[in-house]
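Which chain is which? The protein sequence lines are A and B, in order.
Last residue of the first sequence: 1539 (this note's numbering), numbering continuous.
Last residue of the second sequence: 1539 (this note's numbering), numbering continuous.
None of these hints come from the bench; they were simulated from the model.
It is possible that part of the hints are untrue.
The list treats identical chains as interchangeable, and a pair is accepted whether it falls inside one copy or across any two copies.
Keeping only pairs whose Cα atoms sit at most 27 Å apart, straight-line, the calculated DSS-like set for lysine-lysine is [as the list claims (entries may be wrong)]: (1) LYS1342 to LYS1499; (2) LYS1294 to LYS1350; (3) LYS1339 to LYS1350; (4) LYS1339 to LYS1295; (5) LYS1527 to LYS1342.
Protein chains: 2
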Amino acid sequence: MLKKERQEFILHQLNLHNKVLCADLSHMMGVSDDTIRRDLQELAQEDKLIKVHGGALSKSFHTAFDRKMVYNLEDKHIIAQKTAALVQSGMYILTSGGTSILEFAKSLDPNLNATFFTCSLNAAIEFAHHPSIEVVMIGDKVSKDSMLTTGASAVQTIESIQADLCILGINSLDTQFGLSENDWEVVQIKKAMIKASKKTICIGISEKLNSQQKIKVANLDEIDILITELNPNDSKLLPFKHKGLTIY
Amino acid sequence: MLKKERQEFILHQLNLHNKVLCADLSHMMGVSDDTIRRDLQELAQEDKLIKVHGGALSKSFHTAFDRKMVYNLEDKHIIAQKTAALVQSGMYILTSGGTSILEFAKSLDPNLNATFFTCSLNAAIEFAHHPSIEVVMIGDKVSKDSMLTTGASAVQTIESIQADLCILGINSLDTQFGLSENDWEVVQIKKAMIKASKKTICIGISEKLNSQQKIKVANLDEIDILITELNPNDSKLLPFKHKGLTIY
DNA sequence: TTCGTATTTGCGGTTTTTTGCCTAATTTAA
DNA sequence: TTAAATTAGGCAAAAAACCGCAAATACGAA
């Protein structure tokens, strides 16, 4: 097998799997580790891949990830717009915290006339910047990790509300396990919010889909609408659509 | 799994959930805690994340809501220091909002162990940054001008507290008219706070002395301690000393 | 083809990197 | 305060990388 052939093969493998191991390649092609290492070194010099200890990584994979970080804001903006379109004047709305919710708060129509209830300090501040909506902060002990108020009093307050909408930021959403979180207190709050609302909307970037955390907040059938940055017909959303969720 | 892959994965998780735990990561990727810890350490050195005990935090999330405003910073710093010296562990403390209070929150001894109740969203966030104190947000409608929660429910909550201290930022303080404010709702809150506390401390820069606003919050005899940036013996403070206030 | 040269490859020995485990010290939570 | 969890630092084993060299191979020219 020629050197050129080998290198083509390596790049091909890299395209397929996004990563290759020295040991694997040498075994597959029946050459020594040193040869593979030298190949990888050359290809790295030609900027065709990223050499790492033990093998190499696809370049596109790495850069795509970096770009994604920048795009995340763009994604959240899309989500915020879609969500804002569902809110109508006169509504009473319960919301959690999180970056998606904050972005949503910034995207609301300045003429909107609604009442927002929230346990998130940051969200309350963001909503309060809006000229006409009314903001009610739900009080209780402040959880330092999440900057949310949590506790029995907060839950009780939420229970005394009859809201039209509940808008929750997704931490993890899974077709089987449903909506889940890692913080027990926060889970209690979110559960109460869902119960106190006629409709529940979950918003978040698609990467949070198909992941689980320790504690379940709600089954999928308790959630009415799912909003991500993806096109509603995207194949990744199909399993959720089949479970009865409305996708935007 | 390659080291680089692991680190990418960690950053990805961080991007998704804003926080990661060593234990979770090591479990997810099937490597030892030590390895994860070393990864986090490296990434922290590269400024990609914030390492904390037990895991790491997303950089963007944590730095997004940090500090910004500085007016009479020097003066407010002096006030904050004097005020912080009066707080002891175990105390229950009611506070209003305002820049002086925020500065005070930053000046608290990291080992202090007290419970703070507040109606101010910004103050609650600032207090929550402290490692050991407990923060209770008093909920109600958010007043947009002041970023305070106000209303009957908040007043009622305050009435159910027996606090050791009440620390109020001064808006206007006058030897004759006492402590005054312009916002009816805020006044109700502050009145309730004073009533619910054994001692009341007013803090603010001396410029706010000898001025009046529309609505009275409290007479001078309801206030125990006055803290400004001035030396306690400053002549400007004499009239207040004569009225029976303790000056710091 | 055959030869000479340049390149490529494999190998042994050494160095570096990575990882897991151990213990002691620190931090956290109750 | 105590008990549990987390971390730091040292150590050792395994894997990978590096280095130099000699053998093998490719390639062009005679």
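Results of checking the hints against the structure:
1. In this homomeric assembly, LYS1342 and LYS1499 come within 27 Å of each other (Cα to Cα) only across copies, at 22 Å, whereas the closest approach inside a single copy is 29 Å.
2. In this homomeric assembly, LYS1294 and LYS1350 come within 27 Å of each other (Cα to Cα) both inside a single copy, at 21 Å, and across copies, at 16 Å.
3. Proximity of LYS1339 and LYS1350 under a CA criterion of 27 Å is satisfied in both settings, with 7 Å inside one chain copy and 20 Å between copies.
4. Proximity of LYS1339 to LYS1295 under the C-alpha cut-off of 27 Å is found in both arrangements, the shortest distances being 13 Å within a copy and 17 Å between copies.
5. Proximity of LYS1527 and LYS1342 under a CA criterion of 27 Å is satisfied in neither setting, with 32 Å inside one chain copy and 33 Å between copies.
The earlier numbered hint that this structure contradicts is number 5, and it is the only one.
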